[in-house]
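Starting from the structure of chain H, add chain Z where the hints point.
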Amino acid sequence: MDAINQTYLFYGYSAAWIIVFGFILLLVRRGQRIDHELTRLKTLVEDKEK
Amino acid sequence: MREKAIYILSILGALLMAWNMHTIFVVLAGEAAQGQIGKMLFIHVPAAITAYSFYAVAVICSIAFLFTKNFKYDSIAVSSIEVAQVFTLVNLVTGSLWGHIIWGIWWTWDLRLTSQFMCFMLYLGYLLMRPAIAEATQRATMSAILAIFAAADIPLVVMAIRLHNVRTQHPAPVLETGGVDATWWPPLLIGYIALMLIASALTMVRLRQETVTREIDSLRRELHAI
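So the protein lines, in turn, are chains H and Z.
Under our numbering, the first residue of the first sequence carries the number 1, and numbering increases by one thereafter.
Under our numbering, the first residue of the second sequence carries the number 1, and numbering increases by one thereafter.
Derived from the structure by calculation, the hints contain no laboratory data.
Any given hint could turn out to be false.
Taking lysine-lysine pairs in the BS3-like style, the calculated list, with each CA pair at most 30 Å apart, reads [to be verified]: (1) Lys42(H) / Lys69(Z); (2) Lys4(Z) / Lys72(Z); (3) Lys42(H) / Lys72(Z); (4) Lys4(Z) / Lys48(H).
Quantities reported herein were computed from a predicted structural model and do not represent experimental measurements.
In isolation and in its complexed conformation, chain H is listed as follows:
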């Protein structure tokens, strides 16, 4: 019984960290996307103003 308990405890903590790291990955990807978009728009505005 305790072996099953230990396994499910491990699943629980693993799931928790997968959720948190998944969110971090999502944040990193979103950050890269919006930084890229910001640079692109700044260049476009500068070009149009010239």
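Chain Z alone, transformed into the frame defined by chain H:
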């Protein structure tokens, strides 16, 4: 300055969490009645309290937005809610795994579990609604109203195991009734502090993204006007 704070909060949170995981898995013995699975409490409860703390921040900022119309409050609210959703999901998943062992079922529609699931769904609705409204002031106002109304569910979650006339599968509030061994309090509190530090760092990263998104919107308008 903000980047530095994010690094400090993340490193402190990660170190505290690593030390706490060592205590939970290596030092502490299993719970007398439940065995090892009882240790799920150390992530399940701090995750819930962290989520509620950030929902509270979101509600305060939503009220502040309705009064001031300052978009800074809207940004803090959406960032806090997104991070709180992550920890609500952690709470739901770890609770379900614990229930599978102790109750023999993954899920039951009792008041505590249902109201917590409702809380998750209501704020998920908040996050899904935002991109559907194009105009910034309207989006922020609608979001603030929804954030405040959704928070009405949180007292229900808290009270679900305290009401005398409600039968619930969920255990009684062990933290208040002396059901937790004295040796379990430090890792429980450290777990909460560690999750709060990690959640604060994540919120700050998300907040920076929200600020950049607003800058992108203003650049798009400027580009349109040229």
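For a C-alpha distance cap of 30 Å, please report whether Lys42(H) and Lys69(Z) respect it. Satisfied, since the Cα-Cα distance of roughly 27 Å is no more than 30 Å.
Lys4(Z) and Lys48(H): Cα distance at most 30 Å? Cα-Cα ~35 Å, so violated.
Is Lys4(Z) close enough to Lys72(Z), meaning Cα to Cα at most 30 Å? Roughly 20 Å between the alpha carbons, so the hint for Lys4(Z) and Lys72(Z) holds.
Next pair to validate is Lys42(H) with Lys72(Z); report whether the Cα-Cα distance is within 30 Å. holds, 22 Å
Violated hint: 4 only; the structure is consistent with all others.
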